[in-house]
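Peer 1: Chains A and B are the protein sequences, given in the same order. So in the working numbering, spot 13 of the first sequence is number 13, and the numbers just go up one at a time. So in the working numbering, spot 14 of the second sequence is number 14, and the numbers just go up one at a time.
The hints are simulated quantities; they were obtained by calculation from the structure and are not laboratory data. Predicted, not measured: the structure shown is a model, and the values here were computed from it. The beta-carbon is built from N, C-alpha and C at its ideal position, and this holds for glycine as well. Relax, there's no trap hidden among the hints.
Think about it this way: if two alpha-carbon atoms lie no more than 25 Å apart in a straight line, the pair counts; the simulated DSS-like pairs of lysine-lysine are:
(1) 51(A) to 131(B)
(2) 51(A) to 68(A)
(3) 51(A) to 118(A)
(4) 143(A) to 68(A)
(5) 15(B) to 156(B)
(6) 68(A) to 90(B)
(7) 114(B) to 173(B)
(8) 90(B) to 51(A)
(9) 68(A) to 146(A)
Far from chain A, some chain B residues (derived; all Cβ distances over 12 Å):
(10) 13
(11) 33
(12) 36
(13) 136
(14) 152
(15) 175
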Amino acid sequence: MPVSVANSQVVYDAMKGVGVRLVSALPETWLVHLIRIADDDPEMTLVRLAKEEEGVGISAGAHFAGVKSAMLMQNHGFLQAINGIVGVSLLYKIPLLMLITDRGSFGEKDPWQTEGGKYTRPVLDALHIAHDDLTAPDDVEPKLAKAMTLAQSSLSPVALLLNRDLMWEEPK
Amino acid sequence: MKRIDCLKAIYPELKDCAVVTIMGAVAAELYSLGHRANFFYLEHAMGLASSVGLGIALTQPDRKVVVIDGDGSVLMNLGGLTTMARSRPKNLVHLIFDNETLLSVGGGAPGGYKWFTTATATGSDLAGIAKAAGYPRSQLVRELEDFEEATLDAIKGDELSCIVAKVEAEMPKSFLMDIHMLENRFEFPRWLQAKGGVN
Chain A
1 MPVSVANSQV VYDAMKGVGV RLVSALPETW LVHLIRIADD DPEMTLVRLA KEEEGVGISA
61 GAHFAGVKSA MLMQNHGFLQ AINGIVGVSL LYKIPLLMLI TDRGSFGEKD PWQTEGGKYT
121 RPVLDALHIA HDDLTAPDDV EPKLAKAMTL AQSSLSPVAL LLNRDLMWEE PK
Chain B
1 MKRIDCLKAI YPELKDCAVV TIMGAVAAEL YSLGHRANFF YLEHAMGLAS SVGLGIALTQ
61 PDRKVVVIDG DGSVLMNLGG LTTMARSRPK NLVHLIFDNE TLLSVGGGAP GGYKWFTTAT
121 ATGSDLAGIA KAAGYPRSQL VRELEDFEEA TLDAIKGDEL SCIVAKVEAE MPKSFLMDIH
181 MLENRFEFPR WLQAKGGVN
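Just chain A, with the same shape it has in the complex:
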């Protein structure tokens, strides 16, 4: 499976570097290594979700307890979590770091992934959620640190979109 192990590790290290100690997730192909690394790390609490919206509540609870957290999900997971994002994170002003694999963009071969990706940025914009793309490994750590800083200072959700160029290595 040509998901980048090295860059998954870069993302994980950056996440841990900004203090994340709880991760909630549902798998998707591009996230398999990230989730496995989280599972292997005794310092990280990994919560396996049934549906992404739950993760918004779990992250709120962790924030109340003073623990930084992140959600790992795909475009459709983000779309699924919207009610929780509005009814918990935005309504109650709670920081939320969302890492969303950006399926459905240029290069997408799976027909079923091509729709959800079109709406991720417009929906983020409609909710006034600050977001940025993670494309190159060197940008991951600084962008993730800045995203976490903004989430904590603004008490708001923020999103980082994990791009194909970062997560996928085309087989040679």
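Given the structure of chain A, go ahead and fit chain B onto it with the hints provided.
Peer 2: Positioned in the frame of chain A, the structure of chain B alone reads:
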């Protein structure tokens, strides 16, 4: 059995617990007994009170967490029962008041008339669902003294517990809560994060 009587019965025991409630009647009635800094009322996002409780329970394993849920909310996040069960926090007690109706979002009416019931009215068994989801302990209670005994036992105990209490679909005397959501939102984590975490 009335919800308010159940809440009165356990109110003293909630003193040192992190308490997360759903919106509507449950929040208003708990508040009416006397607000405390360790009570968080999730006034929206039905279904996620248990998820918020899970987030607290996993990150503060030495703290007892009591989630006070309702049948309508639980039915909006049934998958959350499986997430709770597999995470299996020993320090969480999941109370579910089952009035078989979506009372607080307009499904109830004065006099306890149920015009918009939930599926528990037609036989869906939340205690059975929780048990089957993997809760190590789950029970259905219909009498006040059974509720009190089961809840106090669960709070003192050391395993994830679910108690489903069949209650009347009675409106609270008032839905008024003289605390802003954001005031509650900032007060609650201050209590949770205070040294020792006591009032």
